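**Student:** Sequence:
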Amino acid sequence: MDTVFYLLASILKDLVCEAVNQLHYSFCFNNFVKELEKEEDKFIKTRKSVEDCVTHARKQTLKTSEVMDKWVENAKIDTEEVNRLLKETKAKKSCCFGYCPNWICDTI
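Per the numbering used here, residue 68 is the first one in the sequence shown, and the count goes up by one each step.
Check each hint, because a few of them may be wrong.
Straight-line Cα separation of at most 30 Å, DSSO-like style, residue types lysine-lysine; simulated pairs [as the list claims (entries may be wrong)]:
| no. | residue 1 | residue 2 |
| --- | --- | --- |
| 1 | K105 | K143 |
| 2 | K80 | K109 |
| 3 | K115 | K126 |
| 4 | K112 | K130 |
| 5 | K157 | K143 |
| 6 | K130 | K143 |
| 7 | K157 | K115 |
| 8 | K101 | K143 |
| 9 | K157 | K112 |
| 10 | K109 | K157 |
| 11 | K154 | K109 |
| 12 | K109 | K126 |
| 13 | K112 | K126 |
| 14 | K143 | K154 |
| 15 | K115 | K105 |
| 16 | K130 | K115 |
| 17 | K137 | K126 |
| 18 | K154 | K115 |
| 19 | K115 | K143 |
| 20 | K154 | K137 |
| 21 | K105 | K137 |
| 22 | K112 | K137 |
| 23 | K154 | K105 |
| 24 | K154 | K126 |
| 25 | K109 | K143 |
| 26 | K101 | K154 |
| 27 | K112 | K143 |
| 28 | K115 | K101 |
| 29 | K157 | K101 |
What the hints contain is simulated information worked out from the structure, not anything from laboratory work. These numbers come from a predicted model, not from an experiment.
Starting from the given sequences, assemble the full structure and let the hints guide the process.
**Tutor:** Put into structure tokens, the structure is as follows:
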């Protein structure tokens, strides 16, 4: 009987923890979006700085490393992906496919 109790307690604990994580995500979604926007700004500044260094090096007929060129290329792709995500978050005004009240998303 103790084994069944411990098994059920373990399952219940996992379910409660997952439910709390999902609720945390729902209530903090806008904070996550704001943080992403801040990090995007920092990333764009860094990317532009690296691009300027690459451009300056090329003007001096110096060869840039393949790693740096690949980083710049990947940074452009990542920036586009972040922009897509941010546009998507602004387009959707309700959480959990419309099942959560709008106040969860709008008041935080």
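**Student:** Next, verify each hint and record whether it holds.
**Tutor:** We went through each hint and held it up to the structure:
1. The straight-line distance between the Cα atoms of K105 and K143 is roughly 17 Å, inside the 30 Å bound, and the hint therefore holds.
2. Between K80 and K109 the CA atoms are separated by roughly 39 Å; this puts the pair beyond 30 Å, and the hint is violated.
3. Only pairs whose Cα atoms come within 30 Å are accepted, and K115 paired with K126 is accepted, the gap being roughly 16 Å.
4. Between K112 and K130 the CA atoms are separated by roughly 23 Å; this keeps the pair inside 30 Å, and the hint holds.
5. Simply put, K157 and K143 have alpha-carbon atoms about 21 Å apart, close enough for the 30 Å limit, and the pair holds.
6. With a CA separation close to 20 Å, the supplied pair K130 and K143 stays within the 30 Å bound.
7. Of the pairs offered as hints, the one joining K157 and K115 holds, with about 25 Å between alpha carbons and a cut-off of 30 Å not exceeded.
8. This hinted pair checks out: K101 and K143 have alpha carbons roughly 21 Å apart, not beyond 30 Å.
9. Between K157 and K112, the direct Cα distance comes to roughly 23 Å. Compliance with the 30 Å bound is thereby established for this hinted pair.
10. Pair hint K109 plus K157 holds up; C-alpha atoms about 20 Å apart against a cutoff of 30 Å.
11. For the suggested pair K154 and K109, the alpha carbons sit about 18 Å apart, so the restraint of at most 30 Å is met.
12. This hinted pair checks out: K109 and K126 have alpha carbons roughly 26 Å apart, not beyond 30 Å.
13. For the suggested pair K112 and K126, the alpha carbons sit about 21 Å apart, so the restraint of at most 30 Å is met.
14. Between K143 and K154 the alpha-carbon distance is near 17 Å, which keeps this suggested pair within the 30 Å criterion.
15. With a C-alpha separation of about 16 Å, the suggested pairing of K115 with K105 holds against the 30 Å cut-off.
16. The straight-line distance between the Cα atoms of K130 and K115 is roughly 18 Å, inside the 30 Å bound, and the hint therefore holds.
17. Using a Cα cut-off of 30 Å, the hinted pair K137 and K126 holds, with the two alpha carbons roughly 19 Å apart.
18. Between the alpha carbons of K154 and K115 the distance comes to roughly 22 Å, so the proposed pair stays at or under 30 Å and holds.
19. Our distance criterion of 30 Å between C-alpha atoms is met by K115 and K143, whose separation comes to about 10 Å.
20. Between K154 and K137, the direct Cα distance comes to roughly 26 Å. Compliance with the 30 Å bound is thereby established for this hinted pair.
21. At roughly 24 Å between alpha-carbon atoms, K105 and K137 fall within 30 Å of each other, so this suggested pair holds.
22. For the hint linking K112 to K137, the alpha-carbon distance of about 17 Å falls within 30 Å, and the restraint holds.
23. Distance hint between K154 and K105 is fulfilled; the C-alpha atoms sit about 15 Å from each other, no more than 30 Å.
24. Taken as a hint, the K154 and K126 pair is broken in the structure, with Cα atoms around 36 Å apart against an allowance of 30 Å.
25. Distance restraint check for K109 and K143: the Cα-Cα separation of roughly 14 Å lies within the 30 Å cut-off, and the hinted pair is therefore satisfied.
26. Taken as a hint, the K101 and K154 pair is honoured in the structure, with Cα atoms around 13 Å apart against an allowance of 30 Å.
27. At roughly 12 Å between alpha-carbon atoms, K112 and K143 fall within 30 Å of each other, so this suggested pair holds.
28. Between K115 and K101 the alpha-carbon distance is near 21 Å, which keeps this suggested pair within the 30 Å criterion.
29. Distance check on the hinted pair: K157 and K101 sit about 11 Å apart at the alpha-carbon level, within 30 Å; holds.
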